[in-house]
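**Student:** From first to last, the protein sequence lines stand for chains F and Y. For reference, each letter of the first sequence is one residue, going 1 to 111 in the working numbering. For reference, each letter of the second sequence is one residue, going 1 to 114 in the working numbering.
If you are wondering where the hints come from, they were derived from the structure by calculation, not from laboratory data. Check each hint, because a few of them may be wrong.
Stated by the list, open to error - Simulated coverage check for chain Y against chain F, where a stretch passes if three residues somewhere in it have a Cβ under 8 Å from a Cβ of chain F: (1) 28-40; (2) 45-56.
As the list claims (entries may be wrong) - Calculated lysine-lysine pairs in the DSSO-like style (CA-CA distance at most 27 Å, straight line): (3) Y:Lys15 - Y:Lys78; (4) Y:Lys78 - F:Lys98; (5) F:Lys69 - Y:Lys41; (6) F:Lys26 - F:Lys70; (7) F:Lys98 - F:Lys70; (8) Y:Lys51 - F:Lys98; (9) F:Lys26 - Y:Lys41; (10) F:Lys70 - Y:Lys54; (11) Y:Lys44 - F:Lys98; (12) F:Lys98 - Y:Lys15; (13) F:Lys26 - Y:Lys78.
As the list claims (entries may be wrong) - Label pairs and their calculated CB-CB ranges: (14) Y:Thr5 - F:Pro8: 31 to 39 Å; (15) F:Glu55 - Y:Gly16: 50 to 58 Å; (16) Y:Lys41 - F:Ser94: 23 to 31 Å; (17) Y:Leu66 - F:Glu15: 44 to 52 Å; (18) Y:Met39 - F:Asp7: 14 to 22 Å; (19) Y:Glu57 - F:His45: 35 to 43 Å; (20) Y:Gly72 - F:Ser51: 26 to 34 Å; (21) F:Gly40 - Y:Lys15: 22 to 30 Å; (22) Y:Gly71 - F:His57: 13 to 21 Å; (23) Y:Val12 - F:Ser68: 31 to 39 Å; (24) Y:Gly71 - F:Lys56: 22 to 30 Å.
Virtual Cβ for every residue (Gly too), placed ideally from N, Cα, C.
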Amino acid sequence: SQQGEEDPQALSIQEGENATMNCSYKTSINNLQWYRQNSGRGLVHLILIRSNEREKHSGRLRVTLDTSKKSSSLLITASRAADTASYFCATEGSNDYKLSFGAGTTVTVRA
Amino acid sequence: EAGVTQFPSHSVIEKGQTVTLRCDPISGHDNLYWYRRVMGKEIKFLLHFVKESKQDESGMPNNRFLAERTGGTYSTLKVQPAELEDSGVYFCASSQTTYTGELFFGEGSRLTVL
Chain F
1 SQQGEEDPQA
11 LSIQEGENAT
21 MNCSYKTSIN
31 NLQWYRQNSG
41 RGLVHLILIR
51 SNEREKHSGR
61 LRVTLDTSKK
71 SSSLLITASR
81 AADTASYFCA
91 TEGSNDYKLS
101 FGAGTTVTVR
111 A
Chain Y
1 EAGVTQFPSH
11 SVIEKGQTVT
21 LRCDPISGHD
31 NLYWYRRVMG
41 KEIKFLLHFV
51 KESKQDESGM
61 PNNRFLAERT
71 GGTYSTLKVQ
81 PAELEDSGVY
91 FCASSQTTYT
101 GELFFGEGSR
111 LTVL
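If we strip away everything but chain Y, and leave its shape as in the complex, we get (with noise of 0.2 Å):
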């Protein structure tokens, strides 16, 4: 059975620039998330899917991200116009049920910016 599996694994690109990570979760797995971390601190929430809908975006930093997830299966997360302080890795993880406990997680894409 294949994991999480998430693209670009790196990508740099200059400040004002536009990227989009993109996350394909475990097949059949309803629930989807989105964590940062940035320059070794805390891996963050940003926001969760159940099937297509957000569930819970509370964790998005601003309205320069994006997120969807088209018909409840992979999901982007865009990032316009990046700024400095979005560098960090991007980590999707997915679940059966919202209320397992265990995630598991992909990767992750790091995204510079420079």
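For reference, chain F alone in the conformation it holds in the complex (with noise of 0.2 Å):
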């Protein structure tokens, strides 16, 4: 069953502006990633954030954790082209290591 979903499905955003997408989740967890995958390639890891952490940063990029409400949001700061993309958040579950992912938002950046 699908444990991570993704919201919005689908997001447009002028360059320059900001992107927020949120993930929430069923059970509990280990720790919460984010991917990102561009078109045709694979999936690439962007951030890890564990069950005890609440924020965490990566250059533009900001995650946030909230376990008491099963949800995650990751921040892309100053949006450009190249970070037009599809992402998705996957779970590690605490009593099941493999990763969960949802079915992704897919971001388009507008030059």
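The task is to assemble the complex, starting from two chains supplied on their own in separate frames and drawing on the hints.
**Tutor:** Pasting the structure below:
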């Protein structure tokens, strides 16, 4: 069954704007990860946040995690055309180490 | 360092035929995973190898799917006979340790069953 569920399904923004997408999950986790997939390519790991962390930054990326609400958000600041991609959240369950992915958020950054 | 490589990148076959997908993980990675994405839906786990052993194959859809990992190196995923609903993108990923978190993905093998 699907563990992570991203929202929105699709997002279109202007270059320079911020993009925010959310992920909700169902069971307790060890960590939550975000991956990016450019069209026709493989998934690339962006950032990992552990269950005891609340916020993490990496370059223009900011991830938050609220385990009480079983949700996470990914913020991309000052978006660029190269950020156009699908973004997936993946959860590593505390009882089931394998990663479970959602269906992704497709982000389009307009020049 | 070479990444995870998958072959073929795209395969088109008729229903009832057989297809074999191959994955070469990053050298030294004991863990190898297969995932599948169908029709823009979620990326679903298929199975996990640790070296040559199947650690978890709970995601394999049915017995038409057979995965092997020869000598703990490359892996193959065979679909026989293929059905229409098998169409999708099959991703392979590898990691050095089971609990490291981050997976390294290949570019996927797109399977189209007509």
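**Student:** Now tell me, hint by hint, if it's right for this structure.
**Tutor:** Evaluation of the provided hints:
Figure legend: the stretch 28-40 of chain Y, annotated as covered by chain F; annotation consistent (3 residues with Cβ-Cβ distances under 8 Å, at least 3 required). Here the stretch 45-56 of chain Y counts 3 residues with a CB under 8 Å from a CB of chain F, which clears the bar of 3, and the coverage holds. For the suggested pair lysine 15 of chain Y and lysine 78 of chain Y, the alpha carbons sit about 14 Å apart, so the restraint of at most 27 Å is met. Restraint check for lysine 78 of chain Y and lysine 98 of chain F: the C-alpha separation of about 22 Å stays at or below 27 Å, so the hint holds.
Restraint check for lysine 69 of chain F and lysine 41 of chain Y: satisfied, since their Cα atoms lie roughly 24 Å apart, inside the 27 Å limit. At roughly 7 Å between alpha-carbon atoms, lysine 26 of chain F and lysine 70 of chain F fall within 27 Å of each other, so this suggested pair holds. About 18 Å separates the Cα atoms of lysine 98 of chain F and lysine 70 of chain F, which keeps this hinted pair within 27 Å; it holds. Pair hint lysine 51 of chain Y plus lysine 98 of chain F holds up; C-alpha atoms about 16 Å apart against a cutoff of 27 Å.
Distance restraint check for lysine 26 of chain F and lysine 41 of chain Y: the Cα-Cα separation of roughly 18 Å lies within the 27 Å cut-off, and the hinted pair is therefore satisfied. Taking the CA atoms of lysine 70 of chain F and lysine 54 of chain Y, the gap is near 30 Å; set against the 27 Å cutoff, the hint is violated. Distance restraint check for lysine 44 of chain Y and lysine 98 of chain F: the Cα-Cα separation of roughly 11 Å lies within the 27 Å cut-off, and the hinted pair is therefore satisfied. This hinted pair does not check out: lysine 98 of chain F and lysine 15 of chain Y have alpha carbons roughly 31 Å apart, beyond 27 Å.
Restraint check for lysine 26 of chain F and lysine 78 of chain Y: the C-alpha separation of about 32 Å exceeds 27 Å, so the hint is violated. Between threonine 5 of chain Y and proline 8 of chain F, the C-beta spacing of about 33 Å keeps the proposed range 31 to 39 Å intact. Under the hint 50 to 58 Å, the C-beta atoms of glutamate 55 of chain F and glycine 16 of chain Y, about 52 Å apart, fit the expected range. Between lysine 41 of chain Y and serine 94 of chain F the beta carbons are some 25 Å apart, a value that agrees with the proposed interval 23 to 31 Å.
About 47 Å separates the C-beta atoms of leucine 66 of chain Y and glutamate 15 of chain F, a value consistent with the hinted range of 44 to 52 Å. At about 19 Å, the beta-carbon gap between methionine 39 of chain Y and aspartate 7 of chain F stays in the expected band of 14 to 22 Å. Range check, glutamate 57 of chain Y to histidine 45 of chain F: about 24 Å between beta-carbon atoms, so the 35 to 43 Å window is missed. Judged by the Cβ atoms, the range 26 to 34 Å given for glycine 72 of chain Y and serine 51 of chain F holds: they are separated by roughly 31 Å.
Separation of glycine 40 of chain F from lysine 15 of chain Y is about 25 Å and conforms to the stated range, judged on CB atoms against 22 to 30 Å. For the pair glycine 71 of chain Y and histidine 57 of chain F, the supplied restraint of 13 to 21 Å is violated, since their beta-carbon distance comes to about 42 Å. Between valine 12 of chain Y and serine 68 of chain F the C-beta distance comes to about 47 Å, which lies outside the given range of 31 to 39 Å. A hinted range of 22 to 30 Å for the beta carbons of glycine 71 of chain Y and lysine 56 of chain F is inconsistent with their spacing of about 38 Å.
Violated hints, in rising order: 10, 12, 13, 19, 22, 23 and 24; the structure is consistent with all others.
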